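Chemist: Read off the chains here:
4 protein chains.
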Amino acid sequence: MRLLFIGDIVGRPGRRALKENLPGLQRELDIDFVVANGENAAGGNGITREVARELLASGIDVITMGNHVWDHKEIFDLIEQEKRILRPANYPPGVPGAGFCVYETGHKGRIAVLNLAGRVFMSELDCPFRKADQLLAQLEGITRVILVDFHAEATSEKMAMGWYLAGRVSAVCGTHTHVQTADERILPGGTAYITDVGMTGPRDSVIGVKKELVLGKFLTQLPRRFEVASGPYQFNAVVIDIDDETGEAREVRRIQNFE
Amino acid sequence: MRLLFIGDIVGRPGRRALKENLPGLQRELDIDFVVANGENAAGGNGITREVARELLASGIDVITMGNHVWDHKEIFDLIEQEKRILRPANYPPGVPGAGFCVYETGHKGRIAVLNLAGRVFMSELDCPFRKADQLLAQLEGITRVILVDFHAEATSEKMAMGWYLAGRVSAVCGTHTHVQTADERILPGGTAYITDVGMTGPRDSVIGVKKELVLGKFLTQLPRRFEVASGPYQFNAVVIDIDDETGEAREVRRIQNFE
Amino acid sequence: MRLLFIGDIVGRPGRRALKENLPGLQRELDIDFVVANGENAAGGNGITREVARELLASGIDVITMGNHVWDHKEIFDLIEQEKRILRPANYPPGVPGAGFCVYETGHKGRIAVLNLAGRVFMSELDCPFRKADQLLAQLEGITRVILVDFHAEATSEKMAMGWYLAGRVSAVCGTHTHVQTADERILPGGTAYITDVGMTGPRDSVIGVKKELVLGKFLTQLPRRFEVASGPYQFNAVVIDIDDETGEAREVRRIQNFE
Amino acid sequence: MRLLFIGDIVGRPGRRALKENLPGLQRELDIDFVVANGENAAGGNGITREVARELLASGIDVITMGNHVWDHKEIFDLIEQEKRILRPANYPPGVPGAGFCVYETGHKGRIAVLNLAGRVFMSELDCPFRKADQLLAQLEGITRVILVDFHAEATSEKMAMGWYLAGRVSAVCGTHTHVQTADERILPGGTAYITDVGMTGPRDSVIGVKKELVLGKFLTQLPRRFEVASGPYQFNAVVIDIDDETGEAREVRRIQNFE
Ligand SMILES: [Fe+2]
Ligand SMILES: [Fe+2]
Ligand SMILES: [Fe+2]
Ligand SMILES: [Fe+2]
Ligand SMILES: [Fe+2]
Ligand SMILES: [Fe+2]
Ligand SMILES: [Fe+2]
Ligand SMILES: [Fe+2]
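Top to bottom, those sequences are chains A, R, C and Z. Going by UniProt numbering, the first sequence opens with residue 1, and the numbers climb by one from there. Going by UniProt numbering, the second sequence opens with residue 1, and the numbers climb by one from there. Going by UniProt numbering, the third sequence opens with residue 1, and the numbers climb by one from there. Going by UniProt numbering, the fourth sequence opens with residue 1, and the numbers climb by one from there.
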């Protein structure tokens with residue numbers, strides 16, 4: 001099975017990048033399943049029903065989220081209805097939505113997608129490591145093809161998760177920093193790993209935001225309403241080849257397309 | 001002028017990587033000046049007189065530091081005596097050592113090296129943006145070839161610094177996360193930029209530390225004495241071509257060598 | 001001179017507490033000057049022109065602020081026009097408003113009020129200790145009666161400021177935690193000190209906010225729009241007796257009135 | 001039942017304060033049970049076997065801990081052997097020691113002591129609110145006299161815990177900030193509450209540490225080895241009267257003794 005994982009889609013430029021790049025990649029690379037982090041898809045913050053529909057119509061099979069998941073109120077209903085949107089699984093019990101799900105890819109069999117969030121420099125969620133253990137126990141016997149989006153800030157927490165799940169899942173793809181890292185590799189046991197897949201959004205920006213606004217914030221410490229930058233996009237993703245039977249990743253390759 | 005900037009050197013494996021890679025690179029790439037971040041060079045924490053001598057003898061021209069700069073007591077004397085070791089310039093006035101210096105490269109002219117540290121998720125230093133302004137004013141008329149090591153955690157603060165100094169310095173090289181990013185580029189005005197140059201140290205580790213120790217920390221929240229991992233190394237660096245006259249960067253290229 | 005410093009006024013219940021308590025206290029205690037922290041006076045977040053007018057009309061001479069200072073847009077104009085509103089002095093240069101001012105109390109002479117904010121667990125401002133040094137140098141020869149509102153989270157940073165300014169100012173009053181501390185004392189050199197003056201606002205709340213909302217936040221980690229609690233108020237303040245000539249504090253006394 | 005809860009005991013001055021104050025208080029106030037936070041009892045950091053023996057011999061029945069619990073290596077064995085030392089219950093499963101225990105007070109019946117730690121501005125532990133629910137379920141039918149030491153930084157998290165447990169436990173005593181708060185009260189349902197009991201240690205200090213060292217840290221941002229201050233002590237505690245049958249608190253009173 002060939003999987004495409006797309007880094008945080010930011011606003012309109014990110015969605016344009018998606019529509020201009022995904023069809024071609026699917027054709028050229030013969031992609032079986034597409035997962036994208038969509039936590040910044042609607043104006044840079046969260047996702048709306050309409051934007052979710054747009055992403056899913058563009059060819060994305062599953063949308064994962066992160067700390068921005070709750071930015072738009074309609075997510076609370078949407079995430080209960082739409083099984084193709086996941087939020088970090090390590091929110092406390094009782095929170096709307098699901099943090100993992102098993103999907104049918106067609107003749108290539110099933111794939112499980114897990115969304116987890118880090119805690120270092122972030123918010124006070126349940127332990128993502130122990131939550132991973134619980135979810136993997138539930139997947140026993142259902143599928144060995146398992147993709148994890150670990151949405152986290154600290155490189156240490158992300159690499160630790162990579163090693164923790166090495167040999168137990170097909171891939172651990174980091175998200176959240178909006179900068180693609182150059183450390184993609186196959187960890188022992190056949191787990192594809194990358195610290196951060198990067199951002200699909202406006203290139204001449206500070207992680208997607210108008211650079212003047214972010215600089216103003218750093219220089220004055222005054223609050224600024226952040227807006228998504230305009231201009232040419234970047235498309236950041238990874239392609240992962242997975243053995244359908246064993247769930248082992250054979251190859252992981254970074255993709256960076258520019259407008 | 002061709003510059004080599006080497007990402008955080010971690011412990012013995014990092015120093016071995018240095019000695020096995022630098023001479024060859026210098027020969028093949030015709031490097032004029034070598035800067036390396038050495039904040040983890042001595043056992044993963046800080047630097048000692050002996051390790052500094054070792055690094056400088058291996059071909060490094062200037063050692064920059066970061067939040068680990070003060071881990072060994074002897075740094076307090078050492079940094080006053082050795083002009084080739086810099087610590088972040090935005091420590092409060094009166095702190096030992098210097099945060100920038102101008103060096104002679106020989107027939108290629110002068111180069112200024114600036115070391116700055118971020119504040120987001122880090123400690124309460126002076127504003128690195130305003131400090132950069134001050135130092136650049138001091139360099140007026142002395143040299144236009146200026147390299148900045150911005151040692152910071154958050155991608156937003158690092159990219160903001162890149163844009164802030166675009167067209168004003170030759171290069172902004174991020175350090176600290178120990179993971180090389182794949183976003184190297186020449187910003188408008190001729191400034192080479194990369195969010196993080198990465199780590200020169202043990203590859204099968206969590207940012208240089210034995211992975212079992214870091215995982216134990218995350219799983220139990222008990223304190224652990226971290227030790228540098230052993231095993232094969234990675235060598236992370238960037239090569240930057242700079243116009244000696246204008247100080248503009250023409251090209252930046254990532255380097256990753258593995259044992 | 002007898003000074004009254006009132007802890008963070010929170011929303012409507014805080015303003016009601018002010019109006020029901022201040023006149024009586026002024027009469028009974030013969031207060032010469034009233035300073036209050038007003039960063040939460042307008043609906044729990046920041047201050048508006050109308051609320052500022054209300055506070056000043058209620059008998060407050062100077063309003064200090066904190067991290068919530070910029071919550072309402074109109075503060076940007078207001079703070080430039082109204083000298084009786086201060087924001088933390090250790091914002092970067094160029095930020096609207098002032099962080100200190102000297103006021104005439106009438107026949108008791110002048111008083112300087114300084115507003116500073118902490119950095120530990122808060123935002124990346126300039127060093128409040130060095131900023132205090134600068135401001136005190138400017139006050140040399142103008143007045144020895146100096147009140148500092150140090151708006152900070154960590155008890156360590158607040159006590160450190162108390163000791164740093166002991167013998168140099170008349171009083172260091174901590175604000176921000178919304179809980180009055182029981183450590184009021186006169187430090188050597190005649191400086192009144194208290195780690196936190198507390199909150200003037202709704203008593204049956206979590207630091208002023210409806211408790212159900214805060215508990216919901218802690219239990220689910222979902223974002224909540226915080227609202228000021230209703231119900232009976234608490235009025236928190238300190239009375240400080242200062243020698244008009246020397247600026248030395250002779251006594252500090254806590255006040256807690258309940259509805 | 002009359003309970004005495006003593007705020008964080010810091011180093012030698014704290015232990016001296018204990019020995020000079022506890023016997024008298026026990027006699028005068030007819031105390032039935034004494035709990036003290038001992039996380040800083042040994043030289044300011046953690047506890048040792050010898051110091052624990054000293055505290056228990058001085059009349060303390062149960063020692064609670066906090067974020068400094070693991071500072072001395074011998075705690076790992078000690079806490080497994082000594083049921084009178086508790087560490088925060090919301091460490092992950094498998095961590096040495098216990099976070100709650102039921103004790104016999106003699107003819108006044110049983111008392112349960114729970115130790116919990118906050119997460120805001122602290123480390124990544126399990127949710128203290130849900131952990132409290134679990135432990136209270138285990139205490140069902142065993143005793144209604146329940147004391148909670150909630151070791152936390154943020155006033156919001158502490159007050160939230162007070163309200164969460166109001167009517168379910170006898171007392172919620174906050175610790176960790178080393179400054180006694182003046183907000184002691186009986187919450188609805190008969191729960192004694194105070195945001196922080198304060199510190200039993202050297203008075204002329206920054207939360208127990210030599211003030212010169214802490215000031216040096218704030219002014220230079222250089223690391224400092226903190227040492228417990230010397231000089232006169234303060235003894236901080238609360239006395240709580242609890243109905244043995246219903247477990248309801250009838251009164252809570254702050255104690256501050258000075259040398
Ligand atoms: Fe994102
Ligand atoms: Fe995110
Ligand atoms: Fe480093
Ligand atoms: Fe670092
Ligand atoms: Fe406030
Ligand atoms: Fe505040
Ligand atoms: Fe403590
Ligand atoms: Fe503590």
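Simulated from the structure, these hints should not be mistaken for laboratory data. If you're wondering where the values come from, they're calculated on a predicted model, not measured in any experiment. Do not take every clue at face value.
[To be verified] Distance ranges between label pairs, derived from CB positions:
id : chain 1 : residue 1 : chain 2 : residue 2 : range
1  : R       : G167      : Z       : G216      : 51 to 61 Å
2  : R       : E74       : A       : P96       : 49 to 59 Å
3  : C       : E212      : R       : D77       : 52 to 62 Å
[As the list claims (entries may be wrong)] Chain C stretches covered by chain Z per the calculated footprint, using a threshold of three residues with CB under 8 Å from any CB of chain Z:
id : segment
4  : 176–187
5  : 214–228
[Said to hold, decoys possible] Taking lysine-lysine pairs in the PhoX-like style, the calculated list, with each CA pair at most 25 Å apart, reads:
id : chain 1 : residue 1 : chain 2 : residue 2
6  : A       : K131      : R       : K108
7  : R       : K73       : Z       : K217
8  : A       : K131      : Z       : K19
9  : A       : K131      : R       : K19
10 : Z       : K73       : C       : K211
11 : A       : K73       : C       : K210
12 : C       : K210      : Z       : K211
13 : C       : K73       : A       : K210
14 : R       : K210      : A       : K131
15 : Z       : K73       : R       : K210
16 : R       : K211      : R       : K131
17 : R       : K73       : Z       : K131
Positions of the beta carbon are idealized from the N, C-alpha and C atoms, including for glycine.
Chemist: What hint numbers does the structure not satisfy?
Modeler: Violated: hints 1, 6, 8, 9, 10, 12, 16 and 17.
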